[in-house]
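Based on these hints, arrange chains B, U, Y and R with the ligands on the given structure of chain V.
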Amino acid sequence: MTLWGPIWLTLQLAGLTMVLLLALATPIAWWLANTRARIKPAIEALTALPLVLPPTVLGFYLLILMSPESPVGAFWVTLTGEALTFSFSGLVFASIFYSLPFAVQPLQTAFQSIGRGMMEAAATLGASRWDAFRSVALPLARRGVLTAAVLSFAHTVGEFGVVLMVGGNIPGRTRVISIEIYSAVETLDYRTAHVLSGGLLVFSFVVLTLVYVMNRRGVRAGV
Amino acid sequence: MTLWGPIWLTLQLAGLTMVLLLALATPIAWWLANTRARIKPAIEALTALPLVLPPTVLGFYLLILMSPESPVGAFWVTLTGEALTFSFSGLVFASIFYSLPFAVQPLQTAFQSIGRGMMEAAATLGASRWDAFRSVALPLARRGVLTAAVLSFAHTVGEFGVVLMVGGNIPGRTRVISIEIYSAVETLDYRTAHVLSGGLLVFSFVVLTLVYVMNRRGVRAGV
Amino acid sequence: DRITVAVAANFLTTARDISAAYSAETGHEVALVHGSTGKLFAQIVAGAPFDLFLSADAARPARLAESGRLADGLPPRTYAIGRLSLVHGDKTEPGTLEEILSRPDLRIAVADPAVAPYGGAARDVLRTFRQDGWDRGLLRGESVGQAFAFVATGNADAGLVALAQALTFDREIWAMEVPETLHEPILQDAVLLKRAGDNDAARAFLDFLGRPIATEIMAAAGYRIPP
Amino acid sequence: MSDQLEFDISLRFAGFELEAAAEVPLNGITALSGPSGSGKTTLLRAIAGLEPQAQGHVRFAGEDWNGLAPEARGVGYVFQDARLFPHLDVAGNLDYGARRRGTPRGLVDAVIDALDLGPLLHRAPATLSGGETRRVALGRALASGPRILLMDEPLTGLDRARKSRLMPYIARAVAGFGVPALYVTHSAVEIGFLADRTLSIAEGKLQGWSGAGPRLLGQVTDAVPGQVCLAIGRRAVWLQGHGEVGEIWALPLGQDYLAASEPPGLCNAALTIEALVMQAEHGTGTCDLDVEGQQISIGWHREDGVLPEPGARLWLSLPRLLARPIQVNREAYESNLT
Amino acid sequence: MSDQLEFDISLRFAGFELEAAAEVPLNGITALSGPSGSGKTTLLRAIAGLEPQAQGHVRFAGEDWNGLAPEARGVGYVFQDARLFPHLDVAGNLDYGARRRGTPRGLVDAVIDALDLGPLLHRAPATLSGGETRRVALGRALASGPRILLMDEPLTGLDRARKSRLMPYIARAVAGFGVPALYVTHSAVEIGFLADRTLSIAEGKLQGWSGAGPRLLGQVTDAVPGQVCLAIGRRAVWLQGHGEVGEIWALPLGQDYLAASEPPGLCNAALTIEALVMQAEHGTGTCDLDVEGQQISIGWHREDGVLPEPGARLWLSLPRLLARPIQVNREAYESNLT
Ligand SMILES: Nc1ncnc2c1ncn2[C@@H]1O[C@H](COP(=O)(O)OP(=O)(O)OP(=O)(O)O)[C@@H](O)[C@H]1O
Ligand SMILES: Nc1ncnc2c1ncn2[C@@H]1O[C@H](COP(=O)(O)OP(=O)(O)OP(=O)(O)O)[C@@H](O)[C@H]1O
Ligand SMILES: [Mg+2]
Ligand SMILES: [Mg+2]
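Residue numbers (my numbering), protein chains in the order written: chain V, 1 to 223; chain B, 224 to 446; chain U, 447 to 673; chain Y, 674 to 1011; chain R, 1012 to 1349.
So here's chain V without its partners, still in its complex pose (with noise of 0.2 Å):
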């Protein structure tokens, strides 16, 4: 059994679904620390919602809304020329909605904390509102990006029943590490069980330390 394949793959799902999430969720999360519309606390909780259901069923609706009969499958056929399930896509898809409470609400408390103050700076000194989003807000609300995107990264590395669902578990295209450890659970093979997760957990150990570490450094250097 060859591992590069499932491991490379979740790596690219993670990845991709962490940075796509992380351009999704600014907007929202910086949306909703602004805002005074009525509607606010309605769209905060729908944030959240995605988060009730158990994954696997998730997935189940997912598949319902992704499904080529459906008009959002259909119109994404009609895109792509490809089905947008059991592919890829598909799969980023899922993960982005599944894990959207973890970027949108990290994001919004440090935004919320940021305050008014330093954005009216900002404008006095010249800088549009977009100029002064990523020169000001986004810096000071580093601590906030991280954990957002730490959040959204690893719970896509380890969330498997989506994936699972949406995906149809096809080696090379959408079968991910996860399925593989959850398969060899499955199956009674605990040996390769072990390995893989140990593997996993020294890997995501330190590639999160030197996250951590580097953030660290970046504060230190107060830029």
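Worth double-checking, as some hints may not be accurate.
Unchecked claim - Lysine-lysine pairs mimicking DSBU-like chemistry, simulated, CA-CA at most 35 Å apart:
| no. | chain 1 | residue 1 | chain 2 | residue 2 |
| --- | --- | --- | --- | --- |
| 1 | Y | 836 | R | 1174 |
| 2 | Y | 836 | Y | 878 |
| 3 | Y | 878 | R | 1174 |
| 4 | R | 1216 | Y | 836 |
| 5 | R | 1216 | R | 1174 |
These are calculated hints, taken from the structure and not from any lab test.
All figures in this text were calculated on a predicted structure; none of them were measured in a lab.
Just chains B, U, Y and R with the ligands, lined up with the frame of chain V:
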């Protein structure tokens, strides 16, 4: 099939997990937010690790860890007289472990953005550390506390991989609503799955919205 | 008395009917615990409070017997033989078994052969009709339940699933039985676990599985009864 | 008119209402003064576009600022509470606006020089002392090369020595670049020294204008580093400051001069200068004087209400001398920078 | 000695080192003054226990403060940057320390009264103006009933009227309760008015003591609401303030009085008082005077170095009068509060 059992059990489990998790994660997050210890990045990485293992696999290892034959499990048996596995206590234990990152990380983000000045002001006004923490740091970090609470509650409601493995899905003792929905999907009883999922979503949405509305009230009143 | 029976997820609906009949006859209560066979196995090894284990295969009960986790003197016993069926998303006649399975462009859902006995059987069948690349375009579910869901939600064109599922599904779906000669038999074994060694109610349930009232339920649900 | 800032702003908070309309000339320094909580900061914010709820209009040199985003207004704002960017060091803070508005490097360096920010450049804002923080905030606004300076108590919290060094610098920046300033302050010294006119505000309503405090104008006739000689009529006075021969400087009398009908003799005043009473009004308590050919008007408030007679002579004794340039050779100033 | 605050502190930051040892009497107001960045805030923080890295010792009235947690020291600290609790309204901020230290309600109310905080009680700190914020910060420290006040530029950013109302209040709190204060300020007016002595600091090193600025003592012989009559020798002066007959008040000359060898005649001074030169020193540039029987010493700096002769008469003209109580009937004061 009576559903009140699993629903009630789910609420108990998620509620208890949330409360214990906040109690456990708050000191960890506070320490992480304030320490300058060298090993801080490693500890930060550790708190995110439970996420990278697939829930079932994590459950598998927790099963081994908590079984009466292991030191931890044996200790629990001598302490309480009953096994940790396949019991409600075991579920709580496992859920806390699994949802730890969702509590620690937002709390840490929130605590870090408070700054030392407020704590110093409290100290000069006669507040002990603990008093200042309760009366200044916690209220100022309320958004982070809320996020931690929502994420860990919702995640416990929705997660069932760990729960299924550690709890054994025993009616009335360890069978929660997520497993019920999962079973419905597995046994092709899609109608029940729809009803349960819909109910869970609506219920969660209402509860979360109320929570966020109340949070906003609190902020307006400036309390 | 109350007994706890661990049952493989694919047999759950049938087990519910049987235990209802058993309770009606004996007055004993039956608590059904379901999950994938692999999970239930791991839990039994970890000391789960199960009295009986209705597995979806023969391998894991055998492992339990080897490691001495069964009640004395009661070897695993086959209570049912699973049957495979081909389901298809189109309700009108989509073709014969061979026609459907040999079409390379169809997306066919099966349970993961590595994990689930029905998956192994499905693999045998596919190998018969496709010489090479038997697994091209194959979708693997964690269980037959998931494989079925792939078809039911319109994401897969066809699926090799348990006959029992096709029969219990509450919507109409096109299904045909797969001849048992095309795959190794799917033996489903039941065992009495050590902790239930002197639990009469549990022993009685094991016997009850062989009684006509139970075998009729199983047969009607799409299982073959072992001789 | 195109060379003025016109505004007519109304804005309401729970328990406070601002209603302010005025036309502020776009030259020199206009002080905005009033008690704590009278709406000075709020007015400045509204002019900068930071109060979206403000009603009314703002027009800058004929340009309509209504609906214009704050960043497009080109103001340099010194916030009352500094608001340095904590994630940038001092240099980063100074460059922030400079880079966005394309300020020439020379100006930024001149600001760093004048405000003594050199040793702080690589420090994080969190490690600065209160006064250092204020200086950086002031420098950041100056370095952004604004079209108008809005300064909310920029020198508050600075020591006297630093203040007397910075006030001329601000005066020079305003006079040299022709950047007008709206300057909130509580300090009579700062008003006396810096303000060309003062707009008063109380409880959210403008209370009207007053001109510059009494001051004498003089021309620089001689200059050595750190000192200039100012000719005021027949008198020549040396005082501290950097200037060039030919510039026009103002010497404010300040708040605490003594005007007496007898010469002080030997005294501790920094300067005593003779004046002739032209007119004295009971009603307003003002006294118009002729000092070395310049007409100035001073307040005269005594409990007993006795005023000097027109034609009488008065001796003005100034406890300290603080003067500032009000008209400089702009080209020379700018070429110095680049 | 037990009635003093002794400290010997050293503390090092990158590029800055504080080395300060002194014994500060625990009575009246001790001003701490020095240029921006000289270490005033750092010293105050170290005394309050907020700089754990500080080496050395702090001893308060014989009590060892080394290793004592800040909350146990009983200081009232007014931070340079206010630091109000944003999640509490103004009332909550005032009560925070009061509740923890068990301050009587009467004192809290008196603070609210004196600082005019009544209308702000239910406002959130984020909505306060700069001056309002400073007043609340000052009130919060006063209301916590401290054993010593550590005030870091508490009146900075307040308007002159407010300042002249608050300075006597602070003086009264210190004199009335016997709570000593260490008071950081840049303002010569505040030093002149409030300080009983001044400790100077520059570049992290203490530069030594100076006494109170020149001031005249007087006794209150008459008082009406808002005004008191002070007897200074044979002179009686009415001035603004609240006081009771019998109290001792100080009338600081301030910075900007004129001392002249000739009487001013008709002038705009608030008070002119005669003095006799006892002695004049070239070296230090000081002049010892006898004013109504009181010995005071004033600085005398002229470019030409000419000093008045001993035995000569001088007329001191004060542009404004600001006086404060330094000795009051403490029982009467306290009973007023409860
Ligand atoms: N967001 C707000 N909500 C409610 N009231 C406010 C708000 N902002 C300011 N105010 C009130 O409006 C009034 C004017 O405030 P402003 O900050 O303009 O005063 P200011 O003249 O700058 O005073 P200071 O000299 O103390 O800085 C004050 O009473 C203040 O409390
Ligand atoms: N955490 C720190 N790290 C590095 N340098 C610091 C730190 N805190 C203060 N300093 C430096 O120590 C010196 C003294 O600071 P301090 O705040 O005590 O000055 P200050 O006398 O209160 O000045 P100001 O009147 O401007 O408030 C300053 O140069 C300041 O930049
Ligand atoms: Mg203001
Ligand atoms: Mg300071």
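Taking the numbered hints from earlier one at a time, note which ones the structure violates and give those numbers from smallest to largest.
none
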